[in-house]
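Engineer: Line by line, the protein sequences are chains R and H.
Read in the working numbering, the first sequence has 120 at position 120, and its numbers run on one by one without any break.
Read in the working numbering, the second sequence has 223 at position 223, and its numbers run on one by one without any break.
The hints are simulated quantities; they were obtained by calculation from the structure and are not laboratory data.
Honestly, I wouldn't trust all of these hints.
[Said to hold, decoys possible] Distance condition first, Cα-Cα at most 27 angstroms in a straight line; then the derived DSS-like pairs of lysine-lysine:
id, chain 1, residue 1, chain 2, residue 2
1, R, Lys397, H, Lys57
2, H, Lys128, R, Lys439
3, H, Lys252, R, Lys439
4, H, Lys75, R, Lys457
5, R, Lys427, R, Lys457
6, R, Lys439, H, Lys57
7, R, Lys439, H, Lys46
8, R, Lys464, H, Lys28
9, R, Lys91, H, Lys317
10, H, Lys317, R, Lys175
11, R, Lys164, R, Lys207
12, H, Lys317, R, Lys92
13, H, Lys317, R, Lys464
14, H, Lys75, R, Lys439
15, H, Lys317, R, Lys427
16, R, Lys207, H, Lys317
17, R, Lys464, H, Lys46
18, R, Lys206, H, Lys317
19, H, Lys46, R, Lys207
20, R, Lys425, H, Lys317
21, H, Lys128, R, Lys464
22, H, Lys28, R, Lys445
23, H, Lys199, R, Lys457
24, R, Lys515, R, Lys92
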Amino acid sequence: MINDKVEIMSNNSETIKSEPVKIERKQIREAVVEIVSDSGEGAQKCGQSLGTISAKMGNGVWTVEIIPAEIRPPARSKAGASGIRVRMGSKKVTNMGDHADMVVALNEQVLYGRIDQNAYKPGTYLLIENKWATDTEETNAAYTESIQKFKALGYIIHEIPMEKECLKHVSDPRKGKNMWVLGLLCNIYDRDLSIAAEQVKAIFSKKSDDIIQSNIDLLHAGYAYANDKLPMHFTIPSKISKEDFVVMNGNEAVSLGVMAAGIEVCSMYPITPATSASHAMAEKMESAGGLIHQAEDEIAAIGFAIGASYAGQTAVTITSGPGIALKTEFIGLAVMAEVPLVIVDVQRGGPSTGLPTKVEQGDLLAVLYGAAGDAPKIVLAPSTIEECFHYIILARKLAESFRTPVFVLTDANLATGVQPFPRPKIKSAWFPDPIDQSKWEEGVKAYDWDPDTGLSKRPIPGQKGGMYTLTGLAHDEESHVAYDPAINQRAAESRSRKLAALHKTLKEPKILGDKSGDLLLVGWGSTRGAIEEAVERACERGAKVSSLHLHFLSPMEPGLKSIFKNFKKVMTVEINYSDTIGNPLITEENRRYAQLAWYLRAQTLTDIDCFSNVYGQPLSPIQILEMLEKKLDLTLTE
Amino acid sequence: MISLKPDFCDIEIPEKEHYSIEDYSSSKARWCSGCGAHTILHSVQKLCTDEQLPPEKTVFVSGIGCSSRFPHYMKTYGFHGLHGRAFPVASGVKFRRPDLHVFVITGDGDCCSIGAGHWVHAIRYNMKMVVLLFDNSIYGLTKKQTSPTSPLGTHTNTHPTGSVLPPINPIQSTLGLANVSFVAQTVDWKPAHLNATLKKAYDHPGLAFVRIVQRCPIWMRENYEPTVKDPDAITVLNHENGIVLEEQALKKFRHIQEHDPSNLVKAREIAELVKSTTPIGLFYQNKEGTRYDEYGAHNLGVPVEDRIDAINSLMDKYAI
Ligand code: SF4
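Isolated chain H (complex conformation) (with noise of 0.2 angstroms):
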């Protein structure tokens, strides 16, 4: 006879482990119908079920802005904060927390106007992190400013006779930051392409840095129904190493460019041929770069002991 405790049947169900599309999802975003920022949702949200992202190990920072307001219509973690901010905020957050997803959701305003300090700093810590620049070059939530991305002459609430200062190219400068690891651009209006972008930029070791160009059409109809609607305006750049798209989806660009994305000269002069195309693809890419998380996360862990012998030491120099 054998004799058998009481929990000899119990056994551990193990909890869901599969995530769908709609455990990523919270209420309904509220942006305007024909919004970018609407499809760029749908794709992360495809991203971090393709790539089964625990939500309560994935988090959302943003700034102030129509792209902002992301987080909210995410179910992971979230941290909507302050304009032009987010970037502190996430490299706090990534900095002991190696286990954690982060996100960083800005916009043209957001990033590279009142946030332009935190941007050149974010590219050079290189923490492990997506960053995603919705650009719209317009301000949208407080309807029709002038953004530093705006085109030159673009007819706006501030400037109504047109814009007098050339737009920053965010690739560009983003390109002749120190330590830039990973720079890619793609459009909103293009799944296939902003997938695969998503997805290369979640797999980068360090900072990821992907312009979206995003349409407006309430307040930027006009900037991006040419390009959306004309298959000459996009060039799309081709690499092995690159973003790689299935021959098909390729086949629905027009031009297409051989580019390596190791090579930084070379980004930076395509970056330049923004004006008379959108170049979308990768750029750039180092996975070498100096990681300011991984410095930050180092030492995790002490033990408790060995924390208070440390302070004793310490204390011991003022000792009397």
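Isolated chain R, as found in the complex (with noise of 0.2 angstroms):
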């Protein structure tokens, strides 16, 4: 994969200008870059301002962190394995990648975890702390025999001496040795030193000048080391946007997009990966015009939610899974009674609390029927940093004009993702209007159903002569308590034909590539990015293989049955659980779905397969690729 990248070997050295030595650098179209170290020791602060750094310079770039599965792991532990991976492109970059080419280790045993998940393959560069080859006896004879185990597997190794050299600069190098990792980094792949350092600044911009300065000798210092002492050391171009870009994660974007909204309520209950959502905003939201507040739990925070949206102030609740299974009643009663509400689930790994900070696809079905009885609603699924941000504004409205409950959908790849985007320009108009206290029309009744809509207006509490009395239980248009049988069939229909409502106005999806083909890959939500890699990559060896985007789930795009049937096969992308075909107990018959799958083929009648899975893991694109490979017995795949 690293040739792969390798453009053009540069004959004519560069110069960095810092350093009279002359560097022979090779260009390439690309790097993943990885820091790890036990949590606590600023590696994910190192990749997030390397990420910033090469926005700024122009280059696409993702982010993911790397979590360990403990809050404090024991150090030096296999399972401790903190940091972050970070891809940096000449082109735009929409996922984690395959395998990392350039890694950073602060202690040796971290990487264990990582090469157990396949993340690293032979030729990777391992850049080391050596220190523990001196530290105890212990700490030598496990970094000596990791070190050879490392050698053996095919790894480029080089053990750098990091504290030392922070020493030289600082008095406790565990404080600043991530900023020396920057420096070596920076140095390595050609980063702007002068926006490295106001990158420093940034960070510790709330810090004395004292910090600032003892950072930036640091980052200055393995900048150095590396020009001095590492042979490897690359250019990636970029061509630098004319435009504005802002570079956030999925959660930051989802907190910005709650405020450009408008919303003034933004109810929850902490939990994880969903909490940093209301971080972001937590500084501004105030001087926004709004509140966040922290409930006594998930069911009074959709309750909170749902109180203020039924006064006039269409609320957010942000969760997770778990988070929703305690919602359910509350979603089901807004369904019911109509009432305008934006719920954000960043899904994490399930059932129960399952993993809580590793992504999975899985709340699909539970939030399109995990209700009591029929409760249609809209589901929407960004895919991308930027979608996350833009999907709340239009939930907003969505569920301002339809009377219900609107879904957003994200997950922890995209809440923890870090990728930039062309800056919103904020509009007046996506701030709703000032609450209607104008007379109640007369006559006009709380439910006015449209006969073929199901839409209706809605009084809000301050409205003279709108007064009604909202209830969970089946009611008729005056709201009151249904008696009459015939009532509940018409409310039924009238809270499912708002969705056919909102269907008419949906386009079909696009298709990225052919129209017809071997292959349709589906996919929703996060994957979009390495689903769409893996479909380029395998168009450019000659596969017959397209691919969709889903957005909207409920309802469903339009129009995907007439495309399902010009392609051969059809088959689902998603992080979340299917019986794989080959199991001995696994057939056709009693085979369990990916959930978009199940939901597709009930929806089309189209034999649709899946590719799935549940490791917790952003899928990358050459999982996608190998099981293309299989798929349509074909070798993609070098």
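The two chains are supplied separately, each in an independent frame; assemble them into the complex guided by the hints.
Structural biologist: What follows is the structure, encoded as structure tokens:
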């Protein structure tokens, strides 16, 4: 893979301005870098900074956090890898990539877990802190053994005295080693040192000048070390965009989206990995005219949001799968009583508390059907960080227009993935109109369902003449408890009809690749980048494969059945559980399908296959390519 | 010669300003005859009339149970939601709508059992609202199951040989909660005291928690009949800062106890007496408690331009 990315061997060696030494630089299209350490050593800050610096230099970027299974795993343990992956490219980057090219490890033990997860392949550069070689007898033994093992696996090892080098500049190398590593990587990948220094200043903006200076010194020291001592150096050319860009993760995008949607009440209860979606807005939400309410539990969080929405201020509640489970009864009420509401589900592995920090797209069916009785609602799934922002704005508008709860399904991958995108220009049109307190039109009922669309106007407390009692019981147009059996049928039809009305306004999904062929991959949510990259790579090698990505899951986007007919085979690619054909017990008859596959089979009466797994990892293009190889009987990977 | 505009004589006739009790009543209440809820409904409608609450500005939020049908019988805005969940909804309504008069109607199961967690926190939020706990000590709507306030040994469909756990004392429990600001108790069959209690609760600047001992002649007749009939069964708490009854009305009670509602320790002691007598009146009041609805409303109406500025300044943090 590394060789593949090398386009040109630079014959004319470039000169680094700060140093007289000439270093040969290879020009590459992209690089995948990991920084791993025990948690608390600042690997993530280092990687986020590298990502931001790269984005500022006009490169495409995607970062993924590497999170240990435990909150505080023992130091230097195999389970303890905490860190970050940064993928930087000449073009837009939409996913975490396949294998890493370069790894910086603050101790060698944290590499084992990553090796087990197949994150590295022979030829990967491992830059390892070598203080463990002399630390104690015990660490010495472990260290030596590991280094031998890694060499045998074909990795290119560079042992680096990171702490020793840092000690030349600071008294406590544990604080600041990450910035030294940043400097090291900035040199290796030819990152602009002045942009890097600005970034360091920004990180420590709340700290004293002394601290800022010592971190900048460390950055420079790391840079100089790589310059003098390391042989591998690369450039990743970029097209610097004229447009303004922002770089953030999906939770931050949701947070800003909430404010830009003019939502004034965000009511939630802390839950991983959704919580940080309230952190980003916490600082400015008040001056942006809103407030965050931290409720006593998940149920209260949505009840509070529904109360605010009922009173005219469409609110948002942000949670993850276990929170959705608790909120389900209230979601049913919101559907029944037609209360606009935005619900963000940052999905994590399940069932139960499952994998709190890991990705899964496991809540689709729960969100679609997980309420008592028939509870149709709108479900959206953004596929990029940028869409996380814009879909909240869309969700509020849909919630109010269709008088219903609207789900926005993101996941742990989008929540923590960082990507640059054009800076949104906040528009006043995104904000809601002031609460309507004009007199309610006489004779109009509280649920004046249009027979075709099911839509009705909603009276808001304060409106004279509009008084009604909302109820979760079956009710007639006037919101009176229904004692006439026919009214329940009519009301259920009206609630359902709204989805059909919205469906009429949707466009057919776009197909990436040819409109017919051997195989169509269908995805939703965060897997889009990996699927599309795999499809492009497969097509370059002659496969007749296309993909389409769904953003509206309820109502479903139109035209699917006829699109599917043009392909010999259709399959979904998802991160949730499905049985795999091949197991002796699993047959066509009893196979449990991945969630979108299940749903599409029912909707389109098409025999849809699926590829899915629940390793808790984002899908990489290579995994999808390998699957395509098998399905299409081709050789696609090298 | 003077020239007048054609609309010179147009005068605005003010809209009806006086609300009569009929303006608050909707359909006929479908509670059993003799149910204490009827008198509470009437008393609340009287309060609304006395205070001239604009019906469109008044919201009754309830959970599930006999009591929670209440909003349907008011001609105001109402929210008849889920089992035990009236508090979060009411809090959400009040958070950004200080202009609305919010009432919570809840029952002993709704408040003290399925919704007990929300009860604890609603007291702590201390938003200005009146909470009426209709406590009949039985599950009525589902036909006689043990309630968390059923006296020990109560025979029910779930405990035919008698309930086995001591009941929760809602007054005592509430008095033990953080940021508690108003706790009163009354009974549905003493209209003068009920009216006066509601008025006092409505005037309170924070969350006013009122437990109303309510008759359920269908499932709990044996529990209430002795109290209703026995003039000694009730002790009235009396104080100039408490629930003040006309002299005539006060005379009807045999047991009167002086109690200063600023005394929390004493209030808790009296709440303990419940086993031997039913104390009614104002147990505790503190007008100075932190109010979460004031926090919720403090930044209402930020102009859109300022909001965009704030978002942009946050966006700058992420700009590259
Ligand atoms: S069952 Fe009891 S509480 Fe319910 S309406 Fe009848 S009398 Fe009232």
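Engineer: Work down the list of hints and note, for each, if the structure agrees.
Structural biologist: Here's how the hints hold up against the structure:
Distance restraint check for lysine 397 of chain R and lysine 57 of chain H: the Cα-Cα separation of roughly 26 angstroms lies within the 27 angstroms cut-off, and the hinted pair is therefore satisfied. Proposed proximity of lysine 128 of chain H and lysine 439 of chain R is supported: the alpha carbons are some 26 angstroms apart, at most 27 angstroms. Restraint check: the Cα-Cα separation between lysine 252 of chain H and lysine 439 of chain R comes to about 47 angstroms, which exceeds 27 angstroms; the hinted pair is violated. Restraint check for lysine 75 of chain H and lysine 457 of chain R: satisfied, since their Cα atoms lie roughly 19 angstroms apart, inside the 27 angstroms limit.
In summary, the hint linking lysine 427 of chain R to lysine 457 of chain R is supported, as the alpha carbons are separated by about 25 angstroms, within the 27 angstroms threshold. Taking the CA atoms of lysine 439 of chain R and lysine 57 of chain H, the gap is near 12 angstroms; set against the 27 angstroms cutoff, the hint holds. Note on lysine 439 of chain R and lysine 46 of chain H: the hinted pairing holds, with a Cα-Cα distance of about 25 angstroms set against a maximum of 27 angstroms. Distance restraint check for lysine 464 of chain R and lysine 28 of chain H: the Cα-Cα separation of roughly 22 angstroms lies within the 27 angstroms cut-off, and the hinted pair is therefore satisfied.
At most 27 angstroms may separate the alpha-carbon atoms for a hinted pair to count; lysine 91 of chain R and lysine 317 of chain H meet this at roughly 24 angstroms. For the proposed pair lysine 317 of chain H and lysine 175 of chain R, the alpha carbon gap of about 24 angstroms is at most 27 angstroms, so the pair holds. Proposed proximity of lysine 164 of chain R and lysine 207 of chain R is supported: the alpha carbons are some 25 angstroms apart, at most 27 angstroms. Taken as a hint, the lysine 317 of chain H and lysine 92 of chain R pair is honoured in the structure, with Cα atoms around 22 angstroms apart against an allowance of 27 angstroms.
With a C-alpha separation of about 44 angstroms, the suggested pairing of lysine 317 of chain H with lysine 464 of chain R is violated against the 27 angstroms cut-off. With a C-alpha separation of about 16 angstroms, the suggested pair lysine 75 of chain H and lysine 439 of chain R falls inside the 27 angstroms cut-off, and the hint holds. Between lysine 317 of chain H and lysine 427 of chain R the CA atoms are separated by roughly 19 angstroms; this keeps the pair inside 27 angstroms, and the hint holds. Our distance criterion of 27 angstroms between C-alpha atoms is met by lysine 207 of chain R and lysine 317 of chain H, whose separation comes to about 17 angstroms.
As the CA atoms of lysine 464 of chain R and lysine 46 of chain H are separated by approximately 20 angstroms, the hinted pair is consistent with the 27 angstroms bound. A distance of roughly 13 angstroms separates the Cα atoms of lysine 206 of chain R and lysine 317 of chain H; the hinted pair therefore holds under the 27 angstroms criterion. At most 27 angstroms may separate the alpha-carbon atoms for a hinted pair to count; lysine 46 of chain H and lysine 207 of chain R exceed this at roughly 62 angstroms. Distance restraint check for lysine 425 of chain R and lysine 317 of chain H: the Cα-Cα separation of roughly 15 angstroms lies within the 27 angstroms cut-off, and the hinted pair is therefore satisfied.
With a C-alpha separation of about 22 angstroms, the suggested pair lysine 128 of chain H and lysine 464 of chain R falls inside the 27 angstroms cut-off, and the hint holds. For the given pair, lysine 28 of chain H sits about 20 angstroms from lysine 445 of chain R by alpha-carbon distance, which is consistent with the 27 angstroms threshold. As the CA atoms of lysine 199 of chain H and lysine 457 of chain R are separated by approximately 35 angstroms, the hinted pair breaks the 27 angstroms bound. Our distance criterion of 27 angstroms between C-alpha atoms is met by lysine 515 of chain R and lysine 92 of chain R, whose separation comes to about 24 angstroms.
In this structure, the hints that do not hold are numbers 3, 13, 19 and 23, in rising order.
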